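With the sequences and hints as input, model every part of the structure.
Next come the chains, spelled out residue by residue.
There are 2 protein chains.
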Amino acid sequence: MTRMDDLLYFEDFAIGRIFACGSYPVTREEIVEFAREFDPQPHHLDEEAGRRSMLGGLAASGWHVCAITMRLFADHLIAKAAGRGGVGSREARWMKPVRPGDVLRMEAEVVDLKAPRSRPEFGFVTFDCRVFSAREQVALVSMTPIIARRGAP
Amino acid sequence: MTRMDDLLYFEDFAIGRIFACGSYPVTREEIVEFAREFDPQPHHLDEEAGRRSMLGGLAASGWHVCAITMRLFADHLIAKAAGRGGVGSREARWMKPVRPGDVLRMEAEVVDLKAPRSRPEFGFVTFDCRVFSAREQVALVSMTPIIARRGAP
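The listed protein sequences derive, respectively, from chains A and B.
Following the numbering used here, the numbering of the first sequence begins with 1 at its first residue and continues without gaps.
Following the numbering used here, the numbering of the second sequence begins with 1 at its first residue and continues without gaps.
One or more of the hints may lead you astray.
Stated by the list, open to error - Calculated lysine-lysine pairs in the DSS-like style (CA-CA distance at most 30 Å, straight line):
#	chain 1	residue 1	chain 2	residue 2
1	B	K96	A	K80
2	A	K114	B	K96
3	A	K80	A	K114
4	A	K96	B	K114
5	B	K80	A	K96
6	B	K80	B	K114
I should point out that these hints are in silico values taken from the structure, not numbers from a laboratory.
In this text, all values refer to a predicted model and were calculated from it rather than measured experimentally.
Following this line, the structure appears as structure tokens:
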């Protein structure tokens, strides 16, 4: 457990600060399971259809990559922060196919801070989450959690 | 099955055209299951924790709402189009909590078209996907599929 006074608050996030957010192994089963439920396009379901597609082989849904990024962000950053939820994502870029067997690594960089005058108890911290396979960067997913200010009720 | 010559090609998507994309019932079980796998924050897992949060009750992960939007987009639009994959999402806005029992309805409006000179075989079509519960708009999720041009190889 994180002790309350170890938590990261809005004031702790400076632009340019980078957080390592661990890694996540992607399996064929999980790629196909996510696609069946949420993105049943042939190139996310079937190796042969993937090979015939622009992706050149079975590849994870881009929204699956976003969900994996969220998991790494939740476990390695939000779990240590005074998070209050999220309002959206300003961008997701799926740059390279994510394949069965890829182990994705993620790092999150603070790129924007907004502290609304009308809500002195929290602020918005925008992160560029960069996702890498062993070979290359495969995605960029923006996250904007709401983070409490220190001492806020 | 959609006959090949019924498919929608890049040329069929004019800015302002709106596609009704069906509906999706959201269950408590699915909200919790997605959160356990991808977004294990307390307000997505537990009713009481949700009540204590800014969300005011158990609510779906925003990335779950994006995945549901993709499912409706795949079933009601991509299934009828000469889709070739996707490159990302320029924005996702989670405007209101999505609750157990909500039946989400989605409509997709064409908001941008890009036909790269260097790739005459396809174009990028950007959609604003507006997601509604029975009460109100709950999300906006941008989708940018690659769509083949008519007669392309």
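Cross-check of the supplied hints:
no.: 1; hint: B:K96 x A:K80; verdict: holds (25 Å)
no.: 2; hint: A:K114 x B:K96; verdict: holds (20 Å)
no.: 3; hint: A:K80 x A:K114; verdict: holds (20 Å)
no.: 4; hint: A:K96 x B:K114; verdict: holds (20 Å)
no.: 5; hint: B:K80 x A:K96; verdict: holds (25 Å)
no.: 6; hint: B:K80 x B:K114; verdict: holds (20 Å)
Consistency with the previously given hints is maintained throughout, with no hint failing.
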